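Peer 1: Going down the list, the protein sequences come from chains A and B.
Just so you know, the first sequence maps onto residues 1 to 329 in this note's numbering.
Just so you know, the second sequence maps onto residues 1 to 321 in this note's numbering.
If you're looking for bench data, these hints aren't it; they were derived computationally from the structure.
The structure displayed is predicted, hence computed values, not measured ones.
Careful, some of the hints might be misleading.
[What the hints assert, rightly or not] Lysine-lysine pairs mimicking DSSO-like chemistry, simulated, CA-CA at most 30 Å apart:
id, chain 1, residue 1, chain 2, residue 2
1, B, 218, B, 164
2, A, 312, B, 307
3, A, 18, B, 164
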Amino acid sequence: MAANQSVTYVEAINQAIKEEMRRDEDIAVWGVDVIGDFEVTTTLGILEEFGEHRIMDTPITEEGIVGLAAGAAFAGLRPIVTLMHASFVPLALDALFLKLGCNYQEWGYAFQLPVVVMTPVSSGIGMGADLALSPEALVVHSPGLKVVMPSTPYDAKGLLKTCIRDDYPVIFMPHLGLYNDNKQEIPADEYTIPLGKADIKRKGADITIVTYSRMVLTALEASNRLSEEGIEAEVIDLRSLVPLDIDMIAASVKKTGRLIIVHEAYKRGGFAGEILFRLIEKAPELIKTLKHDIKRLTAPNISLPHTAYLEKQMIPQVEDIFRTVKEMF
Amino acid sequence: MIEQVPKDILQKMYRDMVTGRKLDEFFLKLAASGDSDKDVPHRGAGEEAVVVGICANLRKDDYIKVTTRTRHCLTAKGMSIKDVLATKSYRDQRGVGGHCNYYDHEYGIIPYSGTLGEDVMVATGAALAAKLRNTDRVAVAIYGDASGNRPSIHSSMVFASAWKLPIIFVIQNNQYGMGTSVRKSYAIEDLSDRAKGFGFPGKTVDGNDVLEVYEVSKAFIERAREGNGPALIAAETYRLYGHYEGEGQKYRPEGEAEEWSKKDPLPRYTKQLLDMNVLTKSDIEKLDHEIEAEIEESMNFARSLPKWKIEDYHKNCIAEL
Ligand SMILES: Cc1ncc(C[n+]2csc(CCOP(=O)(O)OP(=O)(O)O)c2C)c(N)n1
Ligand SMILES: [Mg+2]
Numbered sequence: 001m002a003a004n005q006s007v008t009y010v011e012a013i014n015q016a017i018k019e020e021m022r023r024d025e026d027i028a029v030w031g032v033d034v035i036g037d038f039e040v041t042t043t044l045g046i047l048e049e050f051g052e053h054r055i056m057d058t059p060i061t062e063e064g065i066v067g068l069a070a071g072a073a074f075a076g077l078r079p080i081v082t083l084m085h086a087s088f089v090p091l092a093l094d095a096l097f098l099k100l101g102c103n104y105q106e107w108g109y110a111f112q113l114p115v116v117v118m119t120p121v122s123s124g125i126g127m128g129a130d131l132a133l134s135p136e137a138l139v140v141h142s143p144g145l146k147v148v149m150p151s152t153p154y155d156a157k158g159l160l161k162t163c164i165r166d167d168y169p170v171i172f173m174p175h176l177g178l179y180n181d182n183k184q185e186i187p188a189d190e191y192t193i194p195l196g197k198a199d200i201k202r203k204g205a206d207i208t209i210v211t212y213s214r215m216v217l218t219a220l221e222a223s224n225r226l227s228e229e230g231i232e233a234e235v236i237d238l239r240s241l242v243p244l245d246i247d248m249i250a251a252s253v254k255k256t257g258r259l260i261i262v263h264e265a266y267k268r269g270g271f272a273g274e275i276l277f278r279l280i281e282k283a284p285e286l287i288k289t290l291k292h293d294i295k296r297l298t299a300p301n302i303s304l305p306h307t308a309y310l311e312k313q314m315i316p317q318v319e320d321i322f323r324t325v326k327e328m329f
Numbered sequence: 001m002i003e004q005v006p007k008d009i010l011q012k013m014y015r016d017m018v019t020g021r022k023l024d025e026f027f028l029k030l031a032a033s034g035d036s037d038k039d040v041p042h043r044g045a046g047e048e049a050v051v052v053g054i055c056a057n058l059r060k061d062d063y064i065k066v067t068t069r070t071r072h073c074l075t076a077k078g079m080s081i082k083d084v085l086a087t088k089s090y091r092d093q094r095g096v097g098g099h100c101n102y103y104d105h106e107y108g109i110i111p112y113s114g115t116l117g118e119d120v121m122v123a124t125g126a127a128l129a130a131k132l133r134n135t136d137r138v139a140v141a142i143y144g145d146a147s148g149n150r151p152s153i154h155s156s157m158v159f160a161s162a163w164k165l166p167i168i169f170v171i172q173n174n175q176y177g178m179g180t181s182v183r184k185s186y187a188i189e190d191l192s193d194r195a196k197g198f199g200f201p202g203k204t205v206d207g208n209d210v211l212e213v214y215e216v217s218k219a220f221i222e223r224a225r226e227g228n229g230p231a232l233i234a235a236e237t238y239r240l241y242g243h244y245e246g247e248g249q250k251y252r253p254e255g256e257a258e259e260w261s262k263k264d265p266l267p268r269y270t271k272q273l274l275d276m277n278v279l280t281k282s283d284i285e286k287l288d289h290e291i292e293a294e295i296e297e298s299m300n301f302a303r304s305l306p307k308w309k310i311e312d313y314h315k316n317c318i319a320e321l
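The shape of chain B in the complex, shown without the other chains (with noise of 0.2 Å):
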């Protein structure tokens, strides 16, 4: 499989992992540090397949909506590390985000939704005007698997399905919401089978190989891009961290995390590149500096905007509007 994916693809796909991965790491210094204002990271490392191999298939004027925790990632969608850094900090100068809080209209990054699925919807309005406007943009909704159940979601494939919608739902399966474990809030083995109600394709892939997640979303987009209509993708990882960083963690089985640690689609994927020669030991060792450094210097540049100020914040709102 891995001989029929662009060389320049492969490598993109290992930069975007390491990007999203090294970003989860520094948000934690962020943290303590004060500059993301006491903020408590929702760590995503050993999730980030699922983004980066989906993004390897989208275009710039596509749409996506992501999880709350692997909303870094978005740099695989365009996004550069400093805008992504700026509004981490309470400094993109566009207006106040944060957190979790990102949103480029530029890259089609929809913006975040504190009542989860509830932008999945938007995701679908965004399909429904791609069609409307005559355009082979798709838009892409990934959500958790406890998200998975809101009724926002089923609205919007009942949309998605009966007016063919160019959208790929995708369910990241990371096995928990909060202490929920899936297997509570759901009746089905194959989260998958969600799709067979609605009448369109729904697969379960092994969400932490992002070679798998980059094949089966690449038909899958394809497939809406032409006028195909929706999917669903179901993809398996595993939230190797609390909920929150801190959080007690009670509701894990011993042993669990060490298993899927095990799993963890990073160290799978660099091993695939070396075994393939597609990068060598030394080509990794480079780009592993260059983004540390560009992440450095991304946040250098963040710190010298001006943080938001209340009053600031008064009139980018038009306050009595």
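So that you can see chain A by itself, here it is in the shape it has in the complex (with noise of 0.2 Å):
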């Protein structure tokens, strides 16, 4: 066994994609501005190991870069391809939803479409309405699509090489807020971790948290203060939403009683309305016997402001959470 390795997620998924370039001859990148001749590092040095036929700029049409991977793919290819930010989502969904998610179905899985749609969420960072969209309701709404969330390079990596591999289209959506932040020891040796398996990044008995992505990081940090006033909570870590570990989340919510469910989306339609229904459907007699209502933080239904310091703020904090967590007690 190989000594393990500090990484940053950027580098975690970096390394991802090029372990798995050199496993498969067949993986191609593109996307807009990918070769890293600019700032864009989840695709950096990739020319240089592999060359051109392997990695290419796109020209500014989101439309194409998911349709196009969707033929690809059919006549043999796995491409990896990236939209720049996750608000692009919807130029894309036609291709997503039908190209992608839906025409193998249809056909009963007689041909396989192995394609990875990777595309930073970028919210909470001042980018506004256009750009700082959280857009994982609009796909896990589609038939055919696994949707991977990561929240640390350990998970980036380990979830994105097993995306890759899967046969069928998944949109994997880091997030740009973490992309150099939180270095992380992770095992220097291949490692994969299977979609569909939630991770709980902390045990608590008295309330379970429910997130993804980069509020996982606020829910910790909340936990930890809750903590101080006795109130242990459990962060559950979705890391994939489709599929999603229903049965993690009913074994904790049964053995707390109590569930808050956060995402940095937009509340109407979010998922955290699907989350409670699978739970529901899961255990209906559970929701029940709960020591308080199920509560969710998340952006309020208004748009979000083309301004960090506003945009912050209509984006769950780890002071909304602390607060919220406590009037459940």
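Hints given; two lone chains; assemble the complex.
Peer 2: Written as structure tokens, this is what we have:
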């Protein structure tokens, strides 16, 4: 076993892509400014190592970036394509829903469609309504798409490798706000993480906080403060939204008797609603035994403003989680 | 050519170019001071001639959408420096703009779009309304070379040509989209060739020559106003700075920016005006000072306005709609 290595989130993603590209020659990468002459570092160094037929800067046409991936996968490639911000998901929705999500299902999985669409969520860092959208609710709605949103370097690498090996389409949404901040020790040896397995990032007996992506870090910070007040929160990081690890959520809520769901996306039609309904379907009796009403913390149903100091205040903060959880006791 | 342009227009274009340039420089200071919320400037200095030359042919009631990079040059369309700075520093009392997010209904300035090119369809829709409402207004959509590949621009051209809409498409070709050279995203040399397949006229101009931009856009705008449909202008210019301030610019060949900076439209136009005795050296000094003073004064005015607070923003949005 090789020693551990300390990497940032963005380095972890970069490693996952390169390792998989070494393993499989059919993998090719394309997207706007991916070669890395610019600053998008998840795909840095790929040109140098793999050459021009494995990575391409595209014209700015998000519809084409994803649509061509569907065709290329149909014809034998295993594309990893990027949309510079997850806000551009709506631009490519037909390709995502129908060409990637639905077509292979209609034909009974008669052909494989190994595509990873990698698109970072950029919310909470001042990009405004246009660029800060957290669009997971849009993509989870489509049949046939897996949706992955990691919160740590370790998870990002292990999950992305699994996504790349998947023979069907996956939307991999890292968070731009995590790229360079939180270094973590990860194994130097190869590892993968299965989709559909949530991760308990903090154990606790008093309340279950279900969240994903950057909000995991916010929830953990809030949990530490809650602990000082005698409340032990269990933080569940979903890691993948589709498939959803509803068993782990149900088991935790059964133990704690309290549930709060936290996400950065807008509230109405947000993924919190889906989690709750899945829980009701999974454990209808459990809901009746809870010690407190279920809560959710999300961005409000108003357009994110184009400025960091206001945008931040629209996204759940440590203080918001702390206060809301305390009110549940 | 310059002889045929009315003197007041020549002077207006000079004022507009200098205002654009000085605002661009002022934004750097503003960003450093924190008044624009640690905003990272996307500099457009050296590319002003495109917006300025076109706006000299537009009326207050015409519509325009420009690139993010040269949005502050919209003072040429009539927006006041006060309004630009109030928006820029999050004190525009109508709503929260900021960064490059401006809008002014009174001057036909179409709201910003962070998703590149989508606002070209909005401009095309404005041209449709201008036509259906029997006005002789026109719309102008200026977009970057890289944005020019967005399907939304293709859609706009499909409508504009089929319905003969009064819109002028303008590619502000500054040779790069982020780190990608225009040569990598187009197979055609002359970007105005894009018009051919749509059956409307296209012309490539020196985008650093404000007079040429003025002349060519004048003809196309008049043609559109008379009901003869759209046109495309490809304005060749250069992005002298990084995509945003502080970005590494590794993609730029050595010496390229230096070569282009010799073609900077402002000194070039200044020289033409001096040679033609349209302005004297002292006129120019006076004007430059006036504009600087106006920027200072406008910023002081902006600072006297309340900066947006989250509670007020919520109220302004009618939260639970
Ligand atoms: C639909 C869409 N795709 C990608 C981006 C990211 N992006 C922002 S600016 C930019 C480059 C734009 O280049 P160009 O249109 O030439 O304008 P310039 O910056 O040169 O003025 C890109 C790719 C975006 N904002 N919108
Ligand atoms: Mg450009």
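Peer 1: Decide, hint by hint, whether the structure agrees.
Peer 2: We went through each hint and held it up to the structure:
no., hint, in the structure
1, B:218 with B:164, "18 Å, holds"
2, A:312 with B:307, "16 Å, holds"
3, A:18 with B:164, "50 Å, violated"
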